[in-house]
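Q: For reference, the chains in residue letters:
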Amino acid sequence: MRDISLAFGGIHAVDRVSIDLYEGEVMALVGHNGAGKSTLIKILSGANQPDAGAISIRGEPATIDNPRDARRYRIETIYQTLALADNLDTVANLFLGRELRTKWGTLDDITMEAEARKVIGRLNPHFQRLKDPVKVLSGGERQSVAIARAILFDTRILIMDEPTAALGPQETAQVGALVKQLKSEGIGIFLISHDIHDVFDLADRICVMKNGRVVGTARVEHVTKDEVLGMIILGKCPPGASPDSSADHGAARPSELM
Amino acid sequence: MNQAPTPDRHAKPGRLSAFTQFLKATELDARLVGTVAALLLIWVILHLLSGGLFLTPRNLWNLAVQSSPIAIMATGMVLVIVTRNIDLSIGSMLGFIGMIMGVVQVDVLPKLLGFEHPAIWVLALATGLVLGAILGALQGFAIAYLGIPSFIVTLGGLLVWRGAAWWVTSGQTVAPLDNRFRLLGGGPEGSIGAAWSWMVGIVACAAIVLLLAHRRARRKTFNFALRPMAAEIFVVGVACVFVLAAVAVVNAYPWPIGSVRRYAQAHQIAVPEGGLFIAHGIAIPVLIAIGVGITVTFLATRTRFGRYVYAIGGNPEATQLAGVDTRWVIMKTFMLMGFLAALAGAVSIARLNAATNSEGTLAELLVIAATVIGGTSIAGGAGTVAGAMLGAVIMQSLQSGMVLLGVDTPLQSIAIGAVLVAAVWLDTVYRRRFAR
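Those sequence lines, one after another, are chains A and B. Numbering of the first sequence is given in my numbering, commencing with residue 12 and proceeding in unit increments. Numbering of the second sequence is given in my numbering, commencing with residue 1412 and proceeding in unit increments.
Worth flagging that the hints you see were computed from the coordinates, not collected in a lab. Heads up, a few of these hints could be off.
Claimed, not checked - Taking lysine-lysine and the DSBU-like style, the derived pairs with C-alpha atoms no more than 35 Å apart in a straight line are:
(1) A:K114 to A:K142
(2) B:K1435 to A:K146
(3) B:K1631 to A:K129
Owing to the predicted nature of the structure, the values given are computational and were not obtained by experimental measurement.
If we strip away everything but chain B, and leave its shape as in the complex, we get:
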């Protein structure tokens, strides 16, 4: 994670090294570049150790789907940690709300609307999301207005919601789920296919170009410094290549033979000799995670709410003196966190095709680890949503990689725990050396 530029020995004092110049020209965040480098390094090592099993379309597709719930929650955790708080309750909240969504779609709604009614999945999801925001608001109120430390409130929440998850059905698992709802969890049916995936990729590239062009034009009208055209083109190029490469990878992962056979029978297509190649394309949970990432990034960087979140992290007293209603801002971050825990819960139970009362156990720790590995400072005031999502992929890569390598479960926990501590230590070293 250390991308210290090697200084040119003959450089005049004050002259920038090539790497620093590159960062300055492209205005890329050094911390984020470091996280990407760490992820790539981990991938290559796992690929070599597993004898070429890791960097395959199939594994990368699964990795993306498995990372989604952690990534969704990590975006909210960034805002919570930036305001110098913590939320330990999200794993339990995910479990409890997952149970409620399961019961609503399996036991409650079919009696009212009929089995497999097309509105069931929306109503079940909406119930969960609203409940998530309410539970988050409850905890946020206790933290912001009653002044109870967030560590204590959410530690209580961890026990309360896990207990509540058991209490919903006295511990019974709820399965199978509504067929439409299950699409939220991915799988062959829960992916958008090759053609739509290319569409998404092309729209994303167009959006990147338009966004940067608009920004440049705005800065030009005010005569502000622009970054060099070469840097501009480089950033756009790298981003678009990355997007299209990701689409190509998920489009290279075919449906399993069983799914193809069922699909062919249902649509009366003859399966040719060598089998029918149907690509997965982007999985729906991954699209949800990307959508959440973009939305929360927008909230964090382009709205007053986000500005206040970071200001509170930097200096809570000054933010209050500046006339900001800091308590309401903090309560809102917890509401958003609860909402995202519910969304992650929907993805998790849909993927399992069952709601169990132990769903999401220890998820809070993975999310916090992902957020911190992604560069969010535990002291508050600094952190990016993109970094936290990358952190989620790093955590999931380590976990999936160890499963691929056949590492025993207890050893996996030991390794993940050690990586978390080491990552934060590296971050501390980084901040001390490069803090200007």
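In isolation and in its complexed conformation, chain A is listed as follows:
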């Protein structure tokens, strides 16, 4: 994403931000509330359209005008609110917008249920109530549904907005294990988090935002937690970080440049 800007009524929510992500990499986005993280990520997932700037995927320019476009580029998002239709069951939520159909064009509920059992069984073997409305499920189960939906269709880029905010310690650990597994499968992950410990555990690189701009980007091993906190609060860029986000990406392949 290059020079992305988006203003809401005179407030620059995102101001000339550039950020990149490589295959099999976890890029953490941190910053205060209102720093512009969520807005930036919503531009990538198609929920908001930028006023200026460009997105490219594997070197090719990409146009993302709506969530459908994002899905076409195999960009999936796990929203902080989970974005589930509470009145529908797990199977319907998993396939929402991408229902499998029979040869007559009707919903193929049985095949969808079978697929759903497979993917949910992998994520959370204790989770059996696939035909109950999502609103009766526990927080962890709901999170499983949102995650399962994001990885169901051969995802290339995964955006996780505060994935552990509503979870207990055990479930948080599960999400951590999942992030590592997805990473090893070559999926690039944007991780938005308030939890600096989570970020240091899971991320390869950290990008700090403040007031709609990037303060700096650093590999986790080049900065300390205190330095990152300094970036978040004071907006100061320490020597281990670079104000240019594309620098210092380590081993990832340049063909994956976004």
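Given the coordinates of chain A, work out where chain B should sit on it, guided by the hints.
A: Positioned in the frame of chain A, the structure of chain B alone reads:
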């Protein structure tokens, strides 16, 4: 409407009562079972109060015909309310489109094709249905794409279409209608007779058996949990008994003597001593309503469109983020609603044998009441087509019952209004207690 199971005092915590077990085994919707129970209760009470006049073939046949227009529109209203919208314009739209269909078949087409040409009824009906879909699309566009609240758009529609209905003929009633078109409204000629009614009943039973057998076989191939065979047989049995009993009732209602005499003269049949028994059978408007009910249920439960309608009701934002074109889905629900209002209009004017500019006045409120009594949540996201159709029969039962009892018209309105509020209150209580 409350079918709370009485808990067994000695039951271990977590053990299910017999009623809950029954519901679980048969996978029947508790809410729907409750609505059926309420309907039966109302019927029995009205039967007793009217001294045995209510549960007669004649009254039940008429009840079914009178319920049809409300039931037809209630199926569409379910989808509209499920998406958190409302349509207040359907009564006026019914009136306006009814007038247009009346003028087309009485003033326009006979001049072009000749009086009582066999194509008139189809062309008049088609004109109405297309117009209904267009008017619905117009309102749907304003709601979905211009972002005007549906309450306001359709409140405007209520005034606009009622005015338009008057303007078509400057308030004059259009009558009599085309003879073939009139069959859409029922009556002795507009019913399919005993033999065909039994045929319909038998085909319906066969379809129920095949449908459930197919479903079971599909679930078996994927090793999913099946319901117990006894429950399966019970559901099929109850459904078939109900269908055949309904056919038996409508077949027990004979043609009036005048119609029989005319029919006998036209076909040169001698009328025997005790009179000739010709059964009505299922009325055509009732068949239309049942057909609409099955079609809209199919749309709601087996297609993407229906899935999106419910998803929008549950969480509009999430549905949009999932890549669904929510505005187009909402516009389609209003198009369907307009189409169904036109169909209900055709049935209504055919039954009256006249198109009047006041046809369908307050119908929107009866339809909304039927939908809500049938278990559709005003907050959106939940509701069944079958429930709404049952709700239509409940509303019509109350109205017909009060007419039978000789209740004054103003008192009827008071009673219906009170029942609506009470039904929604019961529903709220139900949801609060049984929401898991």
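Q: May I ask which of the numbered hints given earlier this structure violates, with the numbers listed in increasing order?
A: none
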